[in-house]
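If you read the protein sequences in the order shown, they are chains X and W. No gaps in the numbering here: position 55 of the first sequence is 55 in my numbering, and each next residue is one more. No gaps in the numbering here: position 71 of the second sequence is 71 in my numbering, and each next residue is one more.
Rather than coming from a laboratory, the hints here were simulated on the basis of the structure. Some hints could be false.
In the PhoX-like style, the derived pairs of lysine-lysine whose C-alpha atoms are separated by at most 25 Å in a straight line are [claimed, not checked]: (1) W/K167 / X/K307; (2) W/K245 / X/K270; (3) X/K152 / X/K198; (4) W/K245 / W/K165; (5) X/K201 / W/K167; (6) X/K270 / W/K219; (7) X/K183 / X/K201; (8) X/K201 / X/K307; (9) X/K307 / X/K330; (10) X/K124 / X/K146; (11) W/K60 / X/K183; (12) X/K307 / W/K165; (13) W/K245 / W/K167; (14) W/K167 / X/K198.
Values in this document were obtained by computation on a predicted structure and should not be read as measured data.
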Amino acid sequence: MSSPGFFLLGATHQRAPLAVREKLALDAEASAALQTELATVAGLRELTILNTCNRIEFYGVADTPDTLARLEAVYCARQCFSPEEFASFRLSLAGRDAIQHLFEVAAGLDSQMLGETEIFGQVKAAYATAQTRQSTGPVLNRVFQKTFQAAKYVRTQTAITVGHVSIANVAVDLAHNIFGDLKATRILLLGAGDIGEKTAKAFQSRGAASLTVASRSFERAMELATAFGASAMPFDQREVRLAEFDVVVGSTAAPETVVSVEAVATALRKRPARPLFFIDLALPRDIEAGVADLENAFLYNLDDLAKIAESHRVARLAEVERARAMLTEKSAALWQQVSAQGAPQASPPAAGKPAVSTA
Amino acid sequence: MLAAFNDRQWLWLSAGFYFAGFLLGTWSLVRRGRPSGVLVYALIAAGYGLQLAGLGLRGKAVGGCPLGNTFELFQFTAWSAISLYLVIGVAFRSSILGYFTASLAASLTLLSLSIPAWDSGRRLRLFGHNPWIELHAALALFSYGVFALLALTSLMLLLRHFSLKSKNLGGLFSFLPSMVDLDQIGLRLLSTGVVLLATSLAVGANYWLRDPASASIGKLLITVTVWLAASIALILRLRGRLLAKRFAWTGLLLFAAALLSLWPIDSSRQALTVPSAPATVPARP
Numbered sequence: 001m002s003s004p005g006f007f008l009l010g011a012t013h014q015r016a017p018l019a020v021r022e023k024l025a026l027d028a029e030a031s032a033a034l035q036t037e038l039a040t041v042a043g044l045r046e047l048t049i050l051n052t053c054n055r056i057e058f059y060g061v062a063d064t065p066d067t068l069a070r071l072e073a074v075y076c077a078r079q080c081f082s083p084e085e086f087a088s089f090r091l092s093l094a095g096r097d098a099i100q101h102l103f104e105v106a107a108g109l110d111s112q113m114l115g116e117t118e119i120f121g122q123v124k125a126a127y128a129t130a131q132t133r134q135s136t137g138p139v140l141n142r143v144f145q146k147t148f149q150a151a152k153y154v155r156t157q158t159a160i161t162v163g164h165v166s167i168a169n170v171a172v173d174l175a176h177n178i179f180g181d182l183k184a185t186r187i188l189l190l191g192a193g194d195i196g197e198k199t200a201k202a203f204q205s206r207g208a209a210s211l212t213v214a215s216r217s218f219e220r221a222m223e224l225a226t227a228f229g230a231s232a233m234p235f236d237q238r239e240v241r242l243a244e245f246d247v248v249v250g251s252t253a254a255p256e257t258v259v260s261v262e263a264v265a266t267a268l269r270k271r272p273a274r275p276l277f278f279i280d281l282a283l284p285r286d287i288e289a290g291v292a293d294l295e296n297a298f299l300y301n302l303d304d305l306a307k308i309a310e311s312h313r314v315a316r317l318a319e320v321e322r323a324r325a326m327l328t329e330k331s332a333a334l335w336q337q338v339s340a341q342g343a344p345q346a347s348p349p350a351a352g353k354p355a356v357s358t359a
Numbered sequence: 001m002l003a004a005f006n007d008r009q010w011l012w013l014s015a016g017f018y019f020a021g022f023l024l025g026t027w028s029l030v031r032r033g034r035p036s037g038v039l040v041y042a043l044i045a046a047g048y049g050l051q052l053a054g055l056g057l058r059g060k061a062v063g064g065c066p067l068g069n070t071f072e073l074f075q076f077t078a079w080s081a082i083s084l085y086l087v088i089g090v091a092f093r094s095s096i097l098g099y100f101t102a103s104l105a106a107s108l109t110l111l112s113l114s115i116p117a118w119d120s121g122r123r124l125r126l127f128g129h130n131p132w133i134e135l136h137a138a139l140a141l142f143s144y145g146v147f148a149l150l151a152l153t154s155l156m157l158l159l160r161h162f163s164l165k166s167k168n169l170g171g172l173f174s175f176l177p178s179m180v181d182l183d184q185i186g187l188r189l190l191s192t193g194v195v196l197l198a199t200s201l202a203v204g205a206n207y208w209l210r211d212p213a214s215a216s217i218g219k220l221l222i223t224v225t226v227w228l229a230a231s232i233a234l235i236l237r238l239r240g241r242l243l244a245k246r247f248a249w250t251g252l253l254l255f256a257a258a259l260l261s262l263w264p265i266d267s268s269r270q271a272l273t274v275p276s277a278p279a280t281v282p283a284r285p
């Protein structure tokens, strides 16, 4: 190899279906065992392992292609996975292509949910773990530092992360557009099913502290409220106490609407200075459509939210090529620098043992 | 340094910076899909400094606060609005407010510079040697600057309301602050404007009571009407009777009324007017 031997070996959601990724994923115990075993692989100079629900990727510096084959064999044996089968899902890149891939992963371009930012933290965590294990060296240190810079650059220079693409997060964004900081925003969940639960999670993850659950089954409301540290309310009080809330999320399976225009108009009169936001995720709908016509009330149903989520996804897609072009430029520059550092023999061996991070 | 240009040249330069802020903000929104916060803020700050230099020279030339004609009143109102923006813009952390402010400042300053008739007569020592009257006038104009900023946040609130009702949340709309935040900042600006204008009126009334001939009834009535309208709007807002869209429309109307009142106020002044030669302040040794 004329390059410093920077490589990527792994499997991602792009080729490996969920059933395969389940078998390839590393739990904490497997991670520790793999780390010990990889230390015996000769010629493996540096290593960082990125292990998420959508990918298992080994980034490192190897002396020869045989080193990669040995790494793969150790990993497949550890996972009890057929090497032949792994080869059919395997992603193997080297040099500049591997750098470009890492850049795209960190920037969210390779994510299942295009432009998501969680992966950036996962890459950082993987690198931090490798540093702790002292399994990084001059090549990985440089590549990962530049990766973080490149990912940040793309996020600020393009709209790749703008707007959420999940219904629950779009709903939370809308609430933010109306109320700003959600810490003091009071949220009423009508219905305690899966949709209500996901929305509650999304609100809590964005700082909402005051959640109340009202369900036609009070026991189920109590259950969900307990799980979220929220309070439960009898379902028949939903209209009378409407004025106490800022956001109302409807997700019941009721055959008819459960919040009327009259009830909302009365609630608005009791709290004139604050708007009321209704998110109707139910089918059939929970909130009467006429609520949208009230001056200080805002109503979004499932179709509205889906349209917004889709528009965000399309907007992100439109940014992919621009983002990729930026990253290509940066990966080319970095590869030149890394190549200039010399052949693999020039890279000092990692002081410690190759590390496994289960970010 | 100040002598390098005359007062109008400094003010043209300042207007150029405000306009550059507007252009940069527009370019950034169209090409990059988001407003350019720091750069627009820097351009506005630079424009503010240049405007201060221009108004300073003008002040020296006329021997007091430069509030002697329509041109000066527009310039001072824009300067007041920017003064406030430079403070609250940082706290508000909304880059889109900078874009709107640059647009307003560019409009007010370029408009006043492009109509020579507005600067055709200057009044020397408009306030005589009475600093209280000067304070009264400066406070009144500063409150108009506050109303200018209120008009901007009101416009933003109307746009936010429209975007939420029409379910059109992309583009420019995605950078607007929340409705509640805009409503709160609007309320604070209105309160500030009312207090400043009340203080100005109190200072002016104290002088007027001793010398009723010093101000015309027309001017008095117009200023008091603007203050009364702002006070009523504030009371209605605090009592929950003037909310959301109607509050925003009121903010816009208040600024329009304040701007329109400048002409009758200006024409009713009794003061010495000098010919229209553009004043160039001699360089200081």
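Hints versus structure:
1. W/K167 / X/K307: 10 Å, holds
2. W/K245 / X/K270: Holds, at about 18 Å.
3. X/K152 / X/K198: 29 Å, violated
4. W/K245 / W/K165: 12 Å, holds
5. X/K201 / W/K167: 24 Å, holds
6. X/K270 / W/K219: Status violated; Cα separation ~42 Å.
7. X/K183 / X/K201: 14 Å, holds
8. X/K201 / X/K307: 21 Å, holds
9. X/K307 / X/K330: Not satisfied, since the Cα-Cα distance of roughly 35 Å exceeds 25 Å.
10. X/K124 / X/K146: 12 Å, holds
11. W/K60 / X/K183: 52 Å, violated
12. X/K307 / W/K165: 15 Å, holds
13. W/K245 / W/K167: 16 Å, holds
14. W/K167 / X/K198: It holds: about 22 Å lies between the C-alpha atoms, which stays within 25 Å.
Going through the hint list in order, the structure does not satisfy hints 3, 6, 9 and 11.
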